[in-house]
Every structure is written in structure tokens, then in C-alpha cells.
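> The lines below spell out each chain.
2 protein chains.
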Amino acid sequence: MTLAPRPLSLEVAIAFVDRTVSRLPAESASVSSLCRRVVAESIHATRAIPAADRALIDGYAVAASATVGAGSYNPLLLPLRAISAGDAIPPGTDAVIPLDLGLTHPSGVVECIEAVAPNQNVEIRGCVAAPAALLASEGTRLLPAQIAVLISAGLASVKVIRRPLVRIVLASEPSATDSDGPMCRALVERDGGVVVNTLAAGRTRQAIRGALETEGVDIVLVIGGTGPGVGDHAAAALAEVGDLAIHGIALRPGETAGLGHTRNAVPVILLPGAPAACLFAYEMLAGRAIRRLGGLDPAPPYRSRGMLTARKIVSAIGMTEICPVRFTTSDAVEPLPSFGEIGLMAAAAADGFVIVPEEREGYPPGAPVTVYLYDGNCIGGL
Amino acid sequence: MTLAPRPLSLEVAIAFVDRTVSRLPAESASVSSLCRRVVAESIHATRAIPAADRALIDGYAVAASATVGAGSYNPLLLPLRAISAGDAIPPGTDAVIPLDLGLTHPSGVVECIEAVAPNQNVEIRGCVAAPAALLASEGTRLLPAQIAVLISAGLASVKVIRRPLVRIVLASEPSATDSDGPMCRALVERDGGVVVNTLAAGRTRQAIRGALETEGVDIVLVIGGTGPGVGDHAAAALAEVGDLAIHGIALRPGETAGLGHTRNAVPVILLPGAPAACLFAYEMLAGRAIRRLGGLDPAPPYRSRGMLTARKIVSAIGMTEICPVRFTTSDAVEPLPSFGEIGLMAAAAADGFVIVPEEREGYPPGAPVTVYLYDGNCIGGL
Chain W
1 MTLAPRPLSL EVAIAFVDRT VSRLPAESAS VSSLCRRVVA ESIHATRAIP AADRALIDGY
61 AVAASATVGA GSYNPLLLPL RAISAGDAIP PGTDAVIPLD LGLTHPSGVV ECIEAVAPNQ
121 NVEIRGCVAA PAALLASEGT RLLPAQIAVL ISAGLASVKV IRRPLVRIVL ASEPSATDSD
181 GPMCRALVER DGGVVVNTLA AGRTRQAIRG ALETEGVDIV LVIGGTGPGV GDHAAAALAE
241 VGDLAIHGIA LRPGETAGLG HTRNAVPVIL LPGAPAACLF AYEMLAGRAI RRLGGLDPAP
301 PYRSRGMLTA RKIVSAIGMT EICPVRFTTS DAVEPLPSFG EIGLMAAAAA DGFVIVPEER
361 EGYPPGAPVT VYLYDGNCIG GL
Chain Z
383 MTLAPRPLSL EVAIAFVDRT VSRLPAESAS VSSLCRRVVA ESIHATRAIP AADRALIDGY
443 AVAASATVGA GSYNPLLLPL RAISAGDAIP PGTDAVIPLD LGLTHPSGVV ECIEAVAPNQ
503 NVEIRGCVAA PAALLASEGT RLLPAQIAVL ISAGLASVKV IRRPLVRIVL ASEPSATDSD
563 GPMCRALVER DGGVVVNTLA AGRTRQAIRG ALETEGVDIV LVIGGTGPGV GDHAAAALAE
623 VGDLAIHGIA LRPGETAGLG HTRNAVPVIL LPGAPAACLF AYEMLAGRAI RRLGGLDPAP
683 PYRSRGMLTA RKIVSAIGMT EICPVRFTTS DAVEPLPSFG EIGLMAAAAA DGFVIVPEER
743 EGYPPGAPVT VYLYDGNCIG GL
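Taken in order, these protein sequences are the chains called W and Z. Residues in the first sequence are numbered from 1 upward in steps of one, following our numbering. Residues in the second sequence are numbered from 383 upward in steps of one, following our numbering.
Calculated from the structure, these hints are not laboratory results. Certain hints may be false.
[Unchecked claim] From the derived model, a few chain Z residues whose C-beta atoms are all more than 12 Å from chain W:
no.	residue
1	T402
2	P407
3	G453
4	P461
5	S466
6	G468
7	T475
8	D482
9	E505
10	A515
11	A535
12	L547
13	P564
14	R567
15	G700
16	R708
[Claimed, not checked] On the chain Z side, residues computed to face chain W include the following (Cβ under 10 Å):
no.	residue
17	D440
18	I465
19	A467
20	A470
21	P480
22	I533
23	G611
24	V612
25	G655
26	G722
A virtual CB, placed ideally from N, CA and C, is assigned to each residue, including glycine.
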């Protein structure tokens, strides 16, 4: 299997992913297990929240009109009923007196020493959400507070997009120090997928074919064996038992990546075995496919920022190049030694990366560039 | 149990957390399970990476000096050895000719049709990392690419900070729609902790005391029962079986929060039961403690940004107030109805929040403010 003489542009490869990979169907999930799940259909309140007027604080329920004139020099003996925060307001009352403004007599009677207004310290029916109010939009990746809102709304389960099930196939020489498998597993989890199995097929075309013929997953990542060498069988195996649509992409690192489908139309991404190439072929193509399957924004999950180049960035024309950079000032970056030179250390040591499009030979000093940030607080960085 | 007449400032409560909660000890973790783990001691390379000169591409190993003068009009018959990317460079060779520049004769001999320079297409010993080079600093929360670097360095396990073990105690009226428990569980997971059990103690002082006397966790979160009502037993229970250091904090929402320790010096955070108060007492105090235990940056894990107020923000003097806001333009925000008015819907509907310090009565229109962003890409938002 030889690579195409001219690799396809990354844009064409991305368009292929976008055209052929679509969102998985919905499933029901219990409200207690919704963290990071993606809402499949917008969720609306089925009733008012709260369903009744409720006390906002601990205190005494009262009819506000009966408290007019009350004060510490004019305590009023009133029919006050003790009430806890969250309790429904009893009929005939419309306000809550805080505990410290109702004095308990030795006799057990309660005196009111401050007037309250109607609805004071009361959470009014429907103030959180009116019936049919939007609680969470389709496509939202649920935050802890949003989960609590859904539980408060009385929902027991919610329609969420099924999590993408991922198979990883290792098609390189078996090695005690395979770093691609654990790295891709961590990236899949970041992108909302679940790695259901990792098959060590090695440099055996038969075994790779077998891994591509087994069902039960939503996408297959084949790692290694994508090059033109005699032990590289990933592309040939896919061509034999499915469809090898693209092999060879103008992406550096990541040139020997490929895309296709199994016989049953399950997407297959061929990732190079060299670690930096594996990482960026994952980031640009495999991660995009997994995020699309799971209903997430398909763009790489990094925060980006417009900055300036402090030094020249060099890149080959005709190749989309990923250039690791570090900050020199708060708004400028300089290139680090490239992935070709120091491999993954470029990612481990960088503050982020710049994507140099294929029509450019790089950037002169002082040029505006978009920097994708390795930001510890962002899931791209997780 | 009555609240202190004057609540303590949030700053004092935060200082108490910082003074009394410290990082957990280290443990060994396999390199295959390092995602999101925090490095306990800086990790250095024990040997050069790579350990030997290696081929960067598939091709033919050659002595560069022997290729001088080679070209398509002057092919040289050379002793070329097929080599795969990642293989060690054989003795006597120092460069790799790409597959397409070595023509295989029908006789099986390989012809070189382009000269190569010494070290061309070779990854030099130690170029990724010299012996003793820093691979990951103490306190780093490991990214997928960093995990791959550690595996490439031949490490089998790494010292990481132990994950904080968390007990959640529900001290409110048992309810089918408890939203605080699942919300806090999701927040604990975001902050790197593990909820080992959730005990429904209800409004029973005896049961709360029991939950505070059981060992085996690094921190206890008591949810609900923090108010001054007759069914509120959280603070009294803690005072009886441990140390109630602070009860009542000038934080809105979150005024009835408390802090202390069990008899065995395990930190205890009392969180109000009202959902918005629970959320922000968690964010300001409990999350801080859990992040400190786990060796993470203790600050709330939200990206912040300087913006302007498009409308006035109102706040009570003497109280640190959390004000939910939404964007009006790309650099301005306006307040939403407050947590007091619409509860957690304020968090679910907001783009972020502003923390109004206790010495301020709010902000006039056009004032500069720091906005903490509910950013889908950030773990604060997860």
C-alpha cells in the first residue's frame, strides 16, 4: 500500500468527517448521572417551579396585613406559625417573619416586632420557571447547576445523546512503551467517548482486518501501520474489508493519517504511530469525529486567542503545519523546536500551538496569529 | 444553635480554609491511569530520550558521505538497509533515504537517486530529552500528551497526589427531589475528588453526629440543616462531636455556611440546603478545600475576564454577593435576576458571575468588573 502521491488538504479531510459522521441517537439517563452528558432535545418545565409559594427562610408565616404597626415598642400578639425554608406557605398567610423578629413569650405565644410586606421572604410559585419555560437547550453539555435545576423541576430522567463507543486498534510493532494507546484513551474520554476495547493487532494484516470486521462500536481508531513501509498494513486492511476513502493528508505532524469506513459504515480513522503525529491527527480528525458523534461542538476543544508572533514561524507551503509556541509577553508567542525535532515534548513544553494553513510559508515577526491555548482550566488541556 | 450575630467575612473564612487544609500525601499510580492526576514531585528523565539515534521515517539507512553526487541521472548502487520509522540507526550509517528516493532494481539491489546530509531523517539520541531533563513539574495536572511523554521515558509509575475522599451528609428533610447531593457530587468530581458515600441523616442530630464520627475520608460536606430553625442540627452536631470554628459567613447566597473539623481533624464544611446557597458556598469554600487537598490551584476553576457593566449592579454592603450576569456586547455584562429571586435558574441562564466584595454596594453602569465565565470548554463549566 503506497500513499497517494499528493496528499489531500486537511480541509478536504475535515469536510469528509463532517459529511460522513453524524450525531448518535438519544437515550434516557437518570438525573443522578447527567454530569457532562449532552442534552438531545430541549427540556422545558412541565409545571411551575416552585409549584407553590414557599418560605425562603426559617421563620413564622403570617398575613402581612396583620403586621401593620408592629415594632419593638409595639409588639403584636399574632397567630404565627413556625415554618422552615422551603415549606409551602399556609393558606391565609403571604409573608414570613424571620425567627429573630418573632419573640417567643414564656407563655409560648409569639410576638411580632416588625411589620412585613406581602410576599416578603416568600419564593413565589413559578418564579424560578413558569410552566413550559426552557430549562436546558438541545446540545448543552450539562453543568452541575443545570443538573440541579432539572432535578428541582421534578424530572427523573432526561434524553441525552448516547456516548460514542470507541475501539482502539494498535497496528504497530507491539512495544512495552506504547504511549499512543493511553494518550488516545485520555483524549477520547475528554471528548465524551468511551473506549470499549483496545486490540493489539500488531503488524499483522489479518488481525487488523479482524478488528475492522467486528461490530459493536461507533468508531474505530487504528493507531500505527499507516506509513509506506513493508510492515504497514492499516490502510491495506481497511481497503480490503471496508472503504479507504482518504490516505495521506497535508498535515504535519500527521501526514500518513487516513479516513474510511468499515463494511457496515462505521467510521475508521487511521492515526500514525509516531506520537506527535498520532496526537495531531487525533486532534484534527478523530476527536472531531467523536465530538460530532456525541453531539458536541466539533472544533478542537481549546480556547483560542489572537496574539502576535515575536519571532518568525517557518512552515512548508502545501502543508497545514501545527507549530508549538510559548508566550514571550502577554500578547506574543515564539515558536518552540518543532514536533519533528522534539516530538511530544513540544506539546508538553508549549503554552499552545498555532495552525499554519497550507497556503502559507509561515508568519513573519509581528504577524497576527490565532493561538490555541494549553490552558489548565480547559478541557482541551485535560 | 443560633447563628453568630455578625457573620464573618468571606475573606476570613477563606483564610481559615487555607490555614487548616493542606495537600494530601503522594501515592504511586500506573502511567496508564494518569489522566487528570496531579504530579506530586517533579519528574525528570532517567536516561536520554530517545536512548539511541532512530529513523524518523520509513526508508533506507545509509552513510550520508557515500551518497555525495547521487541523483536521478547518476544513481548510485549502495549498501542500503531497509529501516522503519522508530528503528535504531545501524552502526556505520547516519542518515535515512526516503523510500521513494531509493529505487529497487529488478535484481533486488537498491539505487540511491538523491544525496542526503548526515542526520537527515534521523532522530538524534537525547533530542527529545537529555538525561535529567524536566518532564513534568510538581503540581501539573497531567494532559494526554504529557502522559505519553512519561510513557516514552520508560516510566511505569509516577508519584501523584492522592485523590481527596469525600463524604456527603444530607441533613435536610429527606426529599425525592434532592438536587444538592447530585450537584455536589458533580462538583467534587470536577475538583478531582471522589465521593465515597452519601449519608441521608435527615433532620436528626444523632445521625449527623454519627456521620461526623465515622472515619475514612479526607473531608466531610454536610448539606442542609445550617439555618437557625428548630430542625437545623448541622452546626450543633459538629460543635458536639468536633470543632465548629465558623458559622455564618457574609456571603450571599450562602450566609448560613459553616466550617470546622471532626474530632480527628478532618475538615467539615457546612453547606446551606437552598440550592443556590449550596452551590456558592461549595464554590467559595468546599471546592477550595477539595482542590487544596488534591494539590490543585485553590481558586475557583473559572476563567475570568475584565469586562464593563452595561447596567447597574446592586448589592448589600457588608456582604460578598455573587451576581449572575449575561453578555450584552463582547465586552459588557448586565445583571440577571438574582439567585434570591430565581434560585439556580440564575446560574443555568447566566454567561457567568461577578463577585461583589463586601465593602461595595455594587457597581454603577460602565464600571470595570471581573467576570467569572461559565465557559463550556472550561472545567469550571463541567
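> Go through the numbered hints given earlier and state which of them the structure violates, listing their numbers in rising order.
Structure breaks hints 5, 6, 8, 9, 10, 11, 13, 14, 20.
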